[in-house]
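Peer 1: Given these sequences and hints, build the entire structure.
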Amino acid sequence: MAETLAVSLADPDVRVVDTDTGTWFVSGLNVRELVARVRDADDIAEVKSTVPPVAEDAALVNVADDTGRRVHAYRSVAGGYRLYYLRKPNGTAMITDHLRNALAALPVEARTVSDTAVADHLLFRAPVGADGIVEPVSGVAQGDWLTWDLTADERRIERVDSLDGTEHVEPAAAPDAIESAYESILGLDGVVDDPVNCYSGGVDSTLTQTLLGADAPMLNVGIDSPEYAFEMEYARDGASYFDAPFEQTVLDESRVLTHLEDAIEATGSPSCPFQTVLMNTALSSDEGRQYLMAVGADSIFGNTGTKGARVADWAAPMVGTPPAKVASRLAPDTVGDYIDWLGTLDEQLDRSVADPQSYAQQYSTYTNPALVGTLFDDELVAERCRAQSAYVRDRAPIDGSAGRFGRQAEWRHHCLVFGHRVGSRWRQMALAHGNTLVNPFETRRLIECALSVPADRRFVQGPTAGRDLSTKYLLKRLLDRRLPEYPTDREKGAGVLPFERYLADGPLAGVFDRYPLPSFVPSGDRSTVVESGRQAWNVLTYAVWRDRVQQNAALDPVPSTQRYEWTTPEAAISG
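Residues in the sequence shown are numbered consecutively from 1, following the working numbering.
Don't read these hints as lab results, they were simulated from the structure.
Glycine included, every Cβ here is placed at the ideal spot set by N, Cα and C.
Mixed in with the good hints there might be a few duds.
[To be verified] Using 30 Å as the maximum straight-line C-alpha spacing, the simulated DSS-like pairs for lysine-lysine come out as follows:
#, residue 1, residue 2
1, Lys476, Lys492
2, Lys48, Lys307
3, Lys492, Lys307
4, Lys48, Lys88
[What the hints assert, rightly or not] Across the chosen pairs, the derived CB separations fall in these ranges:
#, residue 1, residue 2, range
5, Trp314, Ser240, 21 to 31 Å
6, His168, Asp13, 34 to 44 Å
7, Thr19, Asp193, 28 to 38 Å
8, Ala509, Ser240, 32 to 42 Å
9, Thr304, Asp350, 50 to 60 Å
10, Lys88, Thr19, 26 to 36 Å
11, Leu469, Ala229, 39 to 49 Å
12, Gly288, Glu531, 41 to 51 Å
13, Thr304, Asp340, 29 to 39 Å
14, Glu46, Val16, 12 to 22 Å
15, Glu233, Asp355, 32 to 42 Å
16, Gly288, Glu46, 31 to 41 Å
17, Trp314, Gln357, 34 to 44 Å
Peer 2: This is the structure we're talking about:
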């Protein structure tokens, strides 16, 4: 019986390279160097050893010969390119770089979802690792190499890539190192001369604009919700420091659900951060363009929520003592609450980083773990948190010299890089609209640049003379130097849509009548979920995905997809 292998790729910039080691499909920022490495290699083993060090953000697929009996696939340890693999019910083997293509290849009845995948979605907005949300779809994890012998149907996974944290840079020298690394990323041949900067007005996107140059266009998408007005003004103020073209698109709040539906259909995924409705509009505003985002800067240089833990660690000798407890009871409410909060953080810092109640895990989850525990069970929640920690531990080095704050903070930020993977979701969205996306802060070079700074001093500036606590201070120092007039100490909003109001009495009121709660929500817990505010978001996105993607028998592949096929025993290829 003839067997078919299909390679289905949505990346419009993928390079197809025929070599003595087979046909290679190469996607990446450093694409010229990647192509040279696969073309010059004498065998697959040489590619495994020579490609990872130069793979800033890349994915490779190799069909070993014209029979299509063996396929290899690799993802760099950093970056947002994705690779999925599956067997269709008719026996066809498939490799694809887009989740929607994988789902479109399966009949509705085959798109089954396990409790584990649902729990992962609720906790982390994505399966731990790289698998697709449905059971038949597996994914190549970051830093892994898949060898798939189609004749024997044997799959072997090897870890060939991991991040290096051996270089050490003092904080005073870090801004120079960051600037050099960022400029080198923008100089790679996979980055066009005039990418569209997805501009928020904050430190990260403003620093990016100073590095892109005076003519780089800026795009901001907002919404006419009153709660978001500050974000819109913030972007306009930031853009005023540049002479570059600036475009701001404002969405109608009443169409939030329509925009969410469009975004979920585009990616084929229920994984949707709150900004999804905005980003889908931004990344579909044109076709054949390259967009650039500063997403991921917080994940490697310091998230706002890190300040409290830094203070709690410094205050540990006093927190939890009898005098502190007395002060908590007698002080005004705001002061007492602050003392209690520091005590909670102190307890979280003392826990194992894999503990769901640890400081490291508090930010790794979106939905309250206790709520997920009521829908499934607490042990499943604990097991998925341990699995997330194991996935991180296998790919990122941990600073062994760090104290408990540095250790917990580093794990917390690693969970953002390898767990949330927001940049890869935005890239899937861009590909769905025929565009490409570059995320410099998710490249190997910039992540390893961050890792070179000791964890205890990487995320939060200490209370040195004349300075206040500041997160992401290394980027702020660099921006102070490049654009002195920009106020790096200005408070920025969270950039989050007012979902709770939308759900209570806004454009999403009654949305669970249109999209009934999923079956994993027991009837006795339905009111709890609906009334849980922000906690209901991941449940809603799953319900929309179920009705518009999982159960959609007419789901089409991404329009830009190029399909290549090999059939054995008669070798045939078409592209």
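Peer 1: Please go over all the hints and tell whether each is borne out by the structure.
Peer 2: These are the hints, each one checked on the structure:
1. Lys476 <-> Lys492: 13 Å, holds
2. Lys48 <-> Lys307: At roughly 41 Å apart (the allowed maximum being 30 Å), Lys307 and Lys48 break the hint.
3. Lys492 <-> Lys307: 15 Å, holds
4. Lys48 <-> Lys88: Between Lys48 and Lys88 the Cα gap is close to 28 Å, so the pair holds against 30 Å.
5. Trp314 <-> Ser240: 21 to 31 Å: 38 Å, violated
6. His168 <-> Asp13: 34 to 44 Å: At 36 Å between Cβs, range holds.
7. Thr19 <-> Asp193: 28 to 38 Å: The hinted range 28 to 38 Å holds for Thr19 and Asp193, with Cβ atoms some 29 Å apart.
8. Ala509 <-> Ser240: 32 to 42 Å: 37 Å, holds
9. Thr304 <-> Asp350: 50 to 60 Å: Violated - the Cβ-Cβ distance for Thr304 and Asp350, about 23 Å, lies outside 50 to 60 Å.
10. Lys88 <-> Thr19: 26 to 36 Å: 28 Å, holds
11. Leu469 <-> Ala229: 39 to 49 Å: 28 Å, violated
12. Gly288 <-> Glu531: 41 to 51 Å: Given about 45 Å between the Cβ atoms, the range holds.
13. Thr304 <-> Asp340: 29 to 39 Å: 20 Å, violated
14. Glu46 <-> Val16: 12 to 22 Å: Roughly 20 Å apart at Cβ, these two residues keep to the hinted range, so it holds.
15. Glu233 <-> Asp355: 32 to 42 Å: Since Glu233 and Asp355 have Cβ atoms about 41 Å apart, the given range 32 to 42 Å holds.
16. Gly288 <-> Glu46: 31 to 41 Å: 35 Å, holds
17. Trp314 <-> Gln357: 34 to 44 Å: With a Cβ separation near 21 Å, Trp314 and Gln357 fall outside 34 to 44 Å, so the hint is violated.
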